[in-house]
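Chemist: Protein chains in written order, with our numbering: chain E, 1 to 334; chain F, 335 to 668.
Check each hint, because a few of them may be wrong.
Unchecked claim - Calculated lysine-lysine pairs in the DSS-like style (CA-CA distance at most 30 Å, straight line):
#	chain 1	residue 1	chain 2	residue 2
1	F	Lys551	F	Lys474
2	E	Lys140	E	Lys223
3	F	Lys439	E	Lys315
4	F	Lys474	F	Lys557
5	F	Lys649	E	Lys105
6	F	Lys557	F	Lys632
Stated by the list, open to error - A few chain F residues that face chain E, going by a derived Cβ cut-off under 8 Å, partial list only:
#	residue
7	Pro368
8	Asn389
9	Leu390
10	Gly394
11	Arg609
12	Trp612
13	Glu613
14	Lys616
15	Ile617
16	Gly659
17	Leu663
18	Phe668
Calculated directly from the structure, the hints in this document are not laboratory data. Values in this document were obtained by computation on a predicted structure and should not be read as measured data. By construction, the Cβ of each residue, glycine as well, lies at the ideal position given by its N, Cα and C atoms.
There are 2 protein chains.
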Amino acid sequence: MGQPQTSPEPPAVPSWEQIVEAHARIAARIHRTPVLTSRTMDRLSGAEIFFKCENLQKTGSFKIRGATNAIFSLPDEEAQRGIVTQSSGNHGAAVACAAAWRGIKAWIVMPRNAPSIKCEAVEAYGGEVAFCEPTMTARKETAAKIQAETGAVLVHPYDDDRIIAGQATAAKELHEEVPDLDAVLAPVSGGGLLSGTCLSARHMRPEIRLFGCEPAKADDAYKSIKTGRLQPLDSSDTIADGLRAPLAARTFAILRRELSGVLLVSEEEIIAAMRLLWERMKIVVEPSSSVVLAPLIKEGGVASIQLPARADGGKPRIGVILSGGNVDLSALPF
Amino acid sequence: MGQPQTSPEPPAVPSWEQIVEAHARIAARIHRTPVLTSRTMDRLSGAEIFFKCENLQKTGSFKIRGATNAIFSLPDEEAQRGIVTQSSGNHGAAVACAAAWRGIKAWIVMPRNAPSIKCEAVEAYGGEVAFCEPTMTARKETAAKIQAETGAVLVHPYDDDRIIAGQATAAKELHEEVPDLDAVLAPVSGGGLLSGTCLSARHMRPEIRLFGCEPAKADDAYKSIKTGRLQPLDSSDTIADGLRAPLAARTFAILRRELSGVLLVSEEEIIAAMRLLWERMKIVVEPSSSVVLAPLIKEGGVASIQLPARADGGKPRIGVILSGGNVDLSALPF
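Can you make the complete structure from the sequences, with help from the hints?
Modeler: Structure below.
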């Protein structure tokens, strides 16, 4: 009584202006990755698919966008204390690389079961790896300890507006190149890439449909969107090693507002789509990337996401973000 | 006495006009492939390398350029009899694909030891595979027999000005994107890609240095350039299955005039460079492509090709053509 029944919708954060600023900050340091097409994939899907190839990005994934934006946003007096982060791999390599570009130190907390290729990448970029047990609690504690001891600035892999604004620049570039997309699909783990994708895509093409793609074995985003409440991540033993983190409240708030749905993908579908991308498109993608293709090439896949008919009568035009290409060639699943 | 001591230099064939016409004929049907760069490769080589990614081309190699130009150059009455060709793989797939685009039949003569992935590709594009023994004689005889029986038009993989003009469009695109290259390297087998590359590059940047790259195990181009006389191909048991054909007089005439040299690459260097391209650039290239990188990343590699100093004082800018990406993922050499 007397109190408002509902709180007002929070403002969209990060704002479009922050995304534009992020792009200006990072553009000269990163690759403007190509958007590839494939008649084979178009035939298999019945759609026109535009592949934004962040596997061809510096450090082998989109993560360099957010990391560069965050690290180059810091005032000098903060930056000089160095950076600490926790990462299953790609964010760690990106932070190590961006920190080296800025000439500052980076400590990367990684779970012991991270692929060795990702640990080696961190070290190759000059980062210092701090191993911990493969639990979110251990990762947070180890990062907090380093932060306390060194005064390093924590750059979270996704629960950070500077990171989200940076990741949003991939979809911004995709829309600059292909302005009339009907839908965009991106992988979802912690939600940094997907929430950034949502913000850019919604701003540039308000009527667009947006989907997350997630391993069925790590389906917290699916459950969270379905129930309207942030759900815990029960299990994460998927081959898609980049998709083993849970959503944050920050990313969930954006996804809840923008997503048309989350599409679940089986382990077999992930591996089959990955092999197809290698064989037919001649690009190396990691399992975490192939989740965006799998839903489109299965029987009835494009029909199931129920896109409105195009005014020009053409096939649906769908953008997908291939998030990374860091794979251990000595341990391929096919 | 009374007779000229030297015959006049023959005109450059195909002409620049034929290359421009070829590009206009094929541009809407093929991919304009991206030109990628990599700080890792720049660091390893001490140069700035620009990778023209024909592995990302339709049918997985540059061969679609020449095949499309040749097949769409034919008058209707010739085209309707169909096409016959001999190919170790990529040219066969390209002819099958371009013939299907034109709606005509294609017979592809292939050696029995061609990788199964390449045979399957020909069939997937609707081509008919005619197997023969893995000798140049058997291949020619089988193609001639089909030609005699069906009236099909023979489209040779490289001993054909229409093919050379088509292959030349890859270097044309590369120079349109990166106009100030100091050198271009391309693989050499029969010499279609390399001679076309020479014609485009020389026209667009007359002072450029041009190099062929060849497996040491199939070194007829090296010997031919070194001796100034067309040499036979003694052996061809290299892993680079796309580089097992000998030069033709037609391609040798161009290479002899334009090349600064042929760089030989060992089998181990081919495999190591291939793995490096997969791991660091996240692209699938076949062994025949990695011959262009190997000479640049070996100790003293760039110095050994003796490029003139740049007027701007910068590092050498080197274009390389990654020719294809058709690899059997079930039989990787690493």
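Chemist: Hint by hint, where does the structure go against what was stated? Just the numbers, ascending.
Modeler: none
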